[in-house]
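So the sequences go chain by chain: A and B.
Following UniProt numbering, the numbering of the first sequence begins with 1 at its first residue and continues without gaps.
Following UniProt numbering, the numbering of the second sequence begins with 1 at its first residue and continues without gaps.
Wrong hints could be hidden among the right ones.
Because identical chains cannot be distinguished in the list, a pair is counted as satisfied if it fits within a single copy or across any two copies.
Claimed, not checked - Think about it this way: if two alpha-carbon atoms lie no more than 20 Å apart in a straight line, the pair counts; the simulated EDC-like pairs of lysine to aspartate or glutamate are:
(1) K345 to E194
(2) K73 to E111
(3) K165 to E288
(4) K349 to E162
(5) K137 to D154
(6) K137 to E169
(7) K165 to E31
(8) K73 to D93
(9) K263 to D311
(10) K349 to D93
(11) K195 to E288
Treat the hints as calculated values from the structure; they're not laboratory data.
Listed below, chain by chain, are the residues.
There are 2 protein chains.
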Amino acid sequence: MTKSNASEANGLPVNQILDGDCIEVMNSLPEGSIDLIFADPPYNLQLKGDLHRPDNSKVDAVDDHWDQFASFKVYDDFTREWLKAARRLLKPDGAIWVIGSYHNVFRMGAELQNQGYWILNDVIWRKSNPMPNFRGKRLTNAHETLIWASKSEDAKPTFNYEALKELNEGIQMRSDWVLPICNGGERLKNGDGEKAHPTQKPEALLHRVLIGTTNPGDVVLDPFFGTGTTGAVAKMLGREFIGIEREEAYRKVAAERLSRVRKFDREALATTTPKRAQPRVPFGQLVERGMLRPGESLISPRGQIAKVRADGTLISGEARGSIHQVGAALESAPSCNGWTYWQFKRDGKTVSIDVLRQQIRAEMHD
Amino acid sequence: MTKSNASEANGLPVNQILDGDCIEVMNSLPEGSIDLIFADPPYNLQLKGDLHRPDNSKVDAVDDHWDQFASFKVYDDFTREWLKAARRLLKPDGAIWVIGSYHNVFRMGAELQNQGYWILNDVIWRKSNPMPNFRGKRLTNAHETLIWASKSEDAKPTFNYEALKELNEGIQMRSDWVLPICNGGERLKNGDGEKAHPTQKPEALLHRVLIGTTNPGDVVLDPFFGTGTTGAVAKMLGREFIGIEREEAYRKVAAERLSRVRKFDREALATTTPKRAQPRVPFGQLVERGMLRPGESLISPRGQIAKVRADGTLISGEARGSIHQVGAALESAPSCNGWTYWQFKRDGKTVSIDVLRQQIRAEMHD
DNA sequence: AGGACCGATGAATCTGGAC
DNA sequence: GGTCCAGATTCATCGGTCC
Numbered sequence: 001m002t003k004s005n006a007s008e009a010n011g012l013p014v015n016q017i018l019d020g021d022c023i024e025v026m027n028s029l030p031e032g033s034i035d036l037i038f039a040d041p042p043y044n045l046q047l048k049g050d051l052h053r054p055d056n057s058k059v060d061a062v063d064d065h066w067d068q069f070a071s072f073k074v075y076d077d078f079t080r081e082w083l084k085a086a087r088r089l090l091k092p093d094g095a096i097w098v099i100g101s102y103h104n105v106f107r108m109g110a111e112l113q114n115q116g117y118w119i120l121n122d123v124i125w126r127k128s129n130p131m132p133n134f135r136g137k138r139l140t141n142a143h144e145t146l147i148w149a150s151k152s153e154d155a156k157p158t159f160n161y162e163a164l165k166e167l168n169e170g171i172q173m174r175s176d177w178v179l180p181i182c183n184g185g186e187r188l189k190n191g192d193g194e195k196a197h198p199t200q201k202p203e204a205l206l207h208r209v210l211i212g213t214t215n216p217g218d219v220v221l222d223p224f225f226g227t228g229t230t231g232a233v234a235k236m237l238g239r240e241f242i243g244i245e246r247e248e249a250y251r252k253v254a255a256e257r258l259s260r261v262r263k264f265d266r267e268a269l270a271t272t273t274p275k276r277a278q279p280r281v282p283f284g285q286l287v288e289r290g291m292l293r294p295g296e297s298l299i300s301p302r303g304q305i306a307k308v309r310a311d312g313t314l315i316s317g318e319a320r321g322s323i324h325q326v327g328a329a330l331e332s333a334p335s336c337n338g339w340t341y342w343q344f345k346r347d348g349k350t351v352s353i354d355v356l357r358q359q360i361r362a363e364m365h366d
Numbered sequence: 001m002t003k004s005n006a007s008e009a010n011g012l013p014v015n016q017i018l019d020g021d022c023i024e025v026m027n028s029l030p031e032g033s034i035d036l037i038f039a040d041p042p043y044n045l046q047l048k049g050d051l052h053r054p055d056n057s058k059v060d061a062v063d064d065h066w067d068q069f070a071s072f073k074v075y076d077d078f079t080r081e082w083l084k085a086a087r088r089l090l091k092p093d094g095a096i097w098v099i100g101s102y103h104n105v106f107r108m109g110a111e112l113q114n115q116g117y118w119i120l121n122d123v124i125w126r127k128s129n130p131m132p133n134f135r136g137k138r139l140t141n142a143h144e145t146l147i148w149a150s151k152s153e154d155a156k157p158t159f160n161y162e163a164l165k166e167l168n169e170g171i172q173m174r175s176d177w178v179l180p181i182c183n184g185g186e187r188l189k190n191g192d193g194e195k196a197h198p199t200q201k202p203e204a205l206l207h208r209v210l211i212g213t214t215n216p217g218d219v220v221l222d223p224f225f226g227t228g229t230t231g232a233v234a235k236m237l238g239r240e241f242i243g244i245e246r247e248e249a250y251r252k253v254a255a256e257r258l259s260r261v262r263k264f265d266r267e268a269l270a271t272t273t274p275k276r277a278q279p280r281v282p283f284g285q286l287v288e289r290g291m292l293r294p295g296e297s298l299i300s301p302r303g304q305i306a307k308v309r310a311d312g313t314l315i316s317g318e319a320r321g322s323i324h325q326v327g328a329a330l331e332s333a334p335s336c337n338g339w340t341y342w343q344f345k346r347d348g349k350t351v352s353i354d355v356l357r358q359q360i361r362a363e364m365h366d
């Protein structure tokens with residue numbers, strides 16, 4: 001194992017690049033310990049003879065006379081085993097991202113579903129500068145597909161909705177992401193000036209994945225580490241990473257790369273707080289604290305009146321109950337957010353009751 | 001069989017809507033007789049409860065009986081059978097298009113490969129106006145996936161490279177297609193003014209498919225005909241169609257629609273594409289792409305400093321939010337164009353962040 | 001006539017914490 | 001584990017009405 005920055009957290013070898021077959025190494029790590037897995041597995045079986053069975057025996061069918069069905073079988077066996085090992089490692093609310101092209105992504109997607117993973121979204125990385133199709137026999141292959149899945153249907157995976165919305169300038173993030181391919185200064189070269197890895201992923205892609213589906217301190221595993229883009233972005237963003245890579249040349253490039261990466265400071269890593277994370281304020285507290293008086297009138301958007309009662313419930317005609325229940329009753333709606341629905345009068349002006357909730361929350365920060 | 005426009009070509013019931021189960025009907029047609037199949041099968045959506053918009057209106061979901069399958073096993077059996085029947089019908093150089101979402105497309109793609117179909121491209125239909133994710137729990141589901149495959153690896157499928165290039169303003173057509181969903185006047189309604197079919201596809205999508213991968217006079221089969229978009233566009237473009245549809249209500253709507261369709265003149269095919277507006281660039285993309293670093297300082301015209309956060313928001317004193325919001329806060333102004341307001345330092349010089357936006361836009365034109 | 005405003009709606013695996 | 005209920009959540013487009 002390469003342990004230049006060796007450290008341990010909860011028995012996990014975090015911030016290291018582990019040497020070996022990804023399935024074996026994953027099976028050696030403790031069950032239910034990983035928050036997120038990002039996997040960019042190989043699929044170019046014809047050109048790369050580096051695919052091995054779980055028992056490490058060499059696969060002949062791949063570089064032998066090309067037999068589509070035999071090779072799909074081999075690829076499916078490989079996919080099944082590493083996805084199984086990955087699922088064992090995930091915490092119950094953990095999640096996985098896989099990336100691929102039409103050569104392999106359908107097989108990965110089907111196997112994810114077969115194993116009980118629950119697909120949350122498929123995401124299209126739309127390349128702003130793809131390689132053209134020179135022979136004019138196909139469409140320009142201008143995208144790759146990612147699949148984001150939780151460990152099971154009833155899991156509660158991390159999703160930083162607000163942070164992604166901010167990244168997209170206030171509009172909810174879509175399932176198609178326009179990002180350039182990795183080239184220029186970001187593209188790692190070996191000593192001969194050749195690209196160090198054929199499929200190095202752009203850091204921007206991992207930035208979006210990690211901002212959106214992990215929190216600072218989370219442990220992110222990449223079983224096909226390559227040049228370590230996942231590790232580099234994880235380190236910048238204050239996440240822990242574990243990389244697995246069997247090729248020494250890639251481990252070396254990745255380790256050197258990681259040594260140059262610096263973590264962003266804490267303030268920069270803070271992202272927009274979701275409203276759901278803010279402390280709950282019972283409406284009754286406004287009455288207890290005298291911000292609203294029992295008997296005082298609240299006004300609906302359509303001018304209907306409800307009276308505040310001493311226990312923090314409302315009464316309006318036949319309807320009585322919480323601010324939400326009475327609002328829903330007046331609107332004949334299945335639900336209603338009473339905080340944004342009701343207003344009251346102060347000094348001749350009409351004010352939302354949510355202003356009072358914000359006052360209480362502001363005090364709680366002191 | 002509905003044979004209002006009954007005709008025969010090479011023993012094929014062309015330009016008709018056939019009644020019945022698509023597998024049985026396909027098996028009754030002659031082997032090796034079809035040039036192109038376009039298939040929009042049930043997606044096997046698995047919806048639980050109702051979904052309401054934030055304004056409390058209810059989403060009219062796809063809950064039709066024909067979209068219900070008991071298990072992946074049942075869906076896979078169905079997929080295997082209709083793809084097998086489809087492959088028997090194709091001419092040796094014929095091709096197939098299938099469309100789906102992440103619920104079913106991985107299973108279709110894997111089965112296509114298993115049966116010996118050869119995938120030519122996967123194509124992303126990027127919806128310009130998708131339905132948002134109302135609960136903020138996922139990414140906006142903003143695309144669907146099509147797979148274009150030939151009958152076998154050594155086939156020579158029709159591909160009208162030049163025609164697609166023309167459709168794309170002289171640039172090689174990519175594998176991601178931006179098209180609006182089908183609504184407005186094109187969306188077929190039933191007598192009650194409700195949508196006639198829950199998943200009617202836009203004609204523009206079929207236009208591109210048929211222009212790109214068929215020739216005039218080709219026979220196009222759609223085994224899940226629905227409201228007959230495939231037939232309508234085929235007729236307009238001078239292709240023959242065969243539709244199979246087991247729901248009488250859909251057959252009726254489709255037949256009526258087809259009776260109104262007229263074949264285009266050749267000139268009518270030429271369309272002028274309006275100049276696109278400048279693409280919107282989210283500020284967060286500058287951060288994801290490393291053009292600005294989390295923690296880096298931006299400078300206002302009056303020398304005030306704001307720090308960039310990892311989600312593309314700024315923080316300056318008490319103010320936090322988008323580049324526009326923080327700029328407006330510092331100026332006590334109702335609004336502010338952050339792009340022209342903020343600057344940063346590079347190599348000792350002060351540069352407007354708008355320069356970075358222009359860089360990104362320049363790349364997007366490639 | 002034209003612009004502002006409002007309501008409707010689209011293939012969706014769409015909540016979470018307390019008790 | 002089930003039940004209850006607070007309360008958080010939307011973008012682009014079309015078509016109709018109002019000013």
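Intra- versus inter-subunit Cα pairing at 20 Å for K137 with D154:
Answer is between: at 13 Å across copies they meet the 20 Å cutoff, but 44 Å inside does not.
I want to check one pair: K263 and D311. Are their C-alpha atoms no more than 20 Å apart within a copy, between two copies, both, or neither?
between (50 Å within a copy, 15 Å between copies)
Pop the pair K165 and E288 into one bin, within, between, both or neither, using alpha-carbon distances up to 20 Å.
For K165 and E288, the Cα distance is within 20 Å only across copies (13 Å; inside one copy 32 Å).
Have a look at K73 and D93 and pick one of within, between, both or neither, based on CA distance no larger than 20 Å.
Classified as neither: same-chain Cα gap 31 Å, cross-chain 26 Å, threshold 20 Å.
For K165 vs E31, is the C-alpha pair at or below 20 Å within one copy, between two copies, both, or neither?
Neither way: K165 and E31 sit 33 Å apart in one copy and 52 Å across, limit 20 Å.
At most 20 Å between CA atoms: does that hold for K345 and E194 within a copy, between copies, both, or neither?
Answer is neither; intra-copy 57 Å and inter-copy 32 Å both fail.
Intra/inter-copy verdict for K137 and E169 if alpha-carbon distance must be at most 20 Å:
between (38 Å within a copy, 18 Å between copies)
Intra- versus inter-subunit Cα pairing at 20 Å for K195 with E288
neither (41 Å within a copy, 22 Å between copies)
Please work out whether the CA atoms of K73 and E111 approach to 20 Å or closer within one copy, between two copies, in both situations, or in neither?
Both. Shortest intra-copy (12 Å) and inter-copy (13 Å) distances satisfy the 20 Å Cα cut-off.
When no copy is named, should K349 and D93 be tagged within, between, both, or neither for a Cα gap of at most 20 Å?
neither (47 Å within a copy, 47 Å between copies)
Using 20 Å as the alpha-carbon threshold, which applies to K349 and E162: within, between, both, or neither?
The answer is neither: 32 Å in one copy and 33 Å across copies each exceed 20 Å.
Violated hints, in rising order: 1, 4, 7, 8, 10 and 11; the structure is consistent with all others.
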